[in-house]
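Numbering (the working numbering), first residue to last: 28 to 331.
No wet-lab data here; the hints were simulated from the structure. It should be emphasised that the depicted structure is a prediction, and the values quoted were computed from it without experimental measurement. For each residue, glycine too, the CB sits at the ideal point set by N, CA and C. Treat the hints with care, since some could be wrong.
So the derived label-pair ranges between C-beta atoms look like this [unchecked claim]:
{"#": "1", "residue 1": "Leu-195", "residue 2": "Arg-39", "range": "29 to 35 Å"}
{"#": "2", "residue 1": "Gly-116", "residue 2": "Ile-38", "range": "29 to 35 Å"}
{"#": "3", "residue 1": "Ser-259", "residue 2": "Val-322", "range": "17 to 23 Å"}
{"#": "4", "residue 1": "Arg-203", "residue 2": "Gly-135", "range": "29 to 35 Å"}
Quick list of in silico lysine to aspartate or glutamate cross-link-like pairs, DMTMM-like style, CA-CA up to 20 Å [to be verified]:
{"#": "5", "residue 1": "Lys-212", "residue 2": "Glu-230"}
{"#": "6", "residue 1": "Lys-75", "residue 2": "Glu-65"}
{"#": "7", "residue 1": "Lys-225", "residue 2": "Glu-210"}
{"#": "8", "residue 1": "Lys-311", "residue 2": "Glu-327"}
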Amino acid sequence: MSTPVLNNLNIRAGSAADIAAVREICAEVWGGTDYVPEVWPEWIADPKHQVYVFELDERPVAFYYLERDGSGPGTVWIGGVRVWSAYRGRGLAAAILEHAIATSRAQGFQFARYMTAQQNTPMHRLAERFGFRLVNQYLGGNYGGGQSIEQPVDQPVDPIAFIQNVTLNEMDAAYRLITASAEYKASEGLYTLYWHAKPLTAEALREHIEQGEVWKLAGPLEALAIADRDYSLWLGFLVGSPASQLTLVSGLTALIDRQAPTAEKIELETMLVNTPQNETLLQKTGFTPYEDEPVMCLYEFKLR
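With the hints as extra help, turn the sequences into a complete structure.
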C-alpha cells in the first residue's frame, strides 16, 4: 500500500545530535511533559532500537523507533511515533507505518505490534487501512500514594500483611493458573510491561519470581499479581477472583503508602485488560486513569 506523495521526504537514522529537533517536535505533546527527550539518548545508544527521523523542507518533522524482539522473539515493536504539529495532515503517520512495515519485513520479522490511545482516531484509521488487527484494549492508570482506598469487605485494614511473594517452588502452579485464566486468553498470551506488550512465558514468569515481583495472598495459590519493579512498580498482570484481586492490589498500594515518607517517590502504574471488573478494581484501589491515554489499543500486523 502506498502513502500520499511527500515531496522531498528524507528518512534517515536518528542520532544524539537530533535532540534539539526532538524537543521541538515534542513540545506540545502532553502539555509539554513528553518523556521522549529524556530517553532519546537511551534509544540512540540501545542496539535493540532502530530510530528513524523523517525530514521535510530539510528539517526533522517526525520520528519513530523499531525495537527488535520488543514484543517477543520474531516480533518488532513500533514505538515513539511523533509528528510535529505544524506538519500533521500531510501523510507522515502513514509514511511511518509504511516504512516500519517494509523495514521489519525486510529484516525477517514475523509480526509488528504497536499501542495507541483509544481516542487517537487517525492511528486507528491507519491500522485499518494497512491491515493491522486489534488484539485487545487496556486500562491505564497510576497510584501515587495517599489516595482513598476502598477496603474489601471482611478484609483487614492493612492488606499488606496478607500478601506475600510467590516462590520458585510454586512456579508450575502459578503458570498453570495464568495460562488457564480469561485474562491470559483475552491478551493472547501477552502481558504489559512499561507500555509494551510481551509474551508471558514460563521464562518471563521465572524471572519475575526470582526478582520478588510476583505476589499472592497468604495460603493456597488462588490469585497472583505481577508487579515489575524497574524505575517504578508496574502491575502488568492480575488473575484471581474479584475479591482476591482487590486484596492483592490493595496490598501493593499499601506498599507505596508506606514508602511515601521516603525521599524518592515511588508510583504504581498499570495497564490491565479493559473489562468492567478491572475498571471497578482500579477505581476501588485509588488509581487515577491516565489523563490523555486512559484506554490503550494493541494492534498487530502479520509480516509474513
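To see whether the hints hold, each was checked on the structure:
Taken as a hint, the range 29 to 35 Å is violated for the pair Leu-195 and Arg-39, whose Cβ atoms sit roughly 47 Å apart. For the pair Gly-116 and Ile-38, the beta carbons lie near 19 Å from each other, so the given range of 29 to 35 Å is not met. Between Ser-259 and Val-322 the beta carbons are some 20 Å apart, a value that agrees with the proposed interval 17 to 23 Å. Separation of Arg-203 from Gly-135 is about 34 Å and conforms to the stated range, judged on CB atoms against 29 to 35 Å.
Between the alpha carbons of Lys-212 and Glu-230 the distance comes to roughly 18 Å, so the proposed pair stays at or under 20 Å and holds. Of the supplied pair hints, the one linking Lys-75 and Glu-65 holds, its CA atoms being roughly 18 Å apart against a limit of 20 Å. Simply put, Lys-225 and Glu-210 have alpha-carbon atoms about 14 Å apart, close enough for the 20 Å limit, and the pair holds. The suggested pairing of Lys-311 with Glu-327 is violated, with an alpha-carbon distance near 32 Å, which exceeds 20 Å.
Of the numbered hints listed earlier, those contradicted by the structure are 1, 2 and 8.
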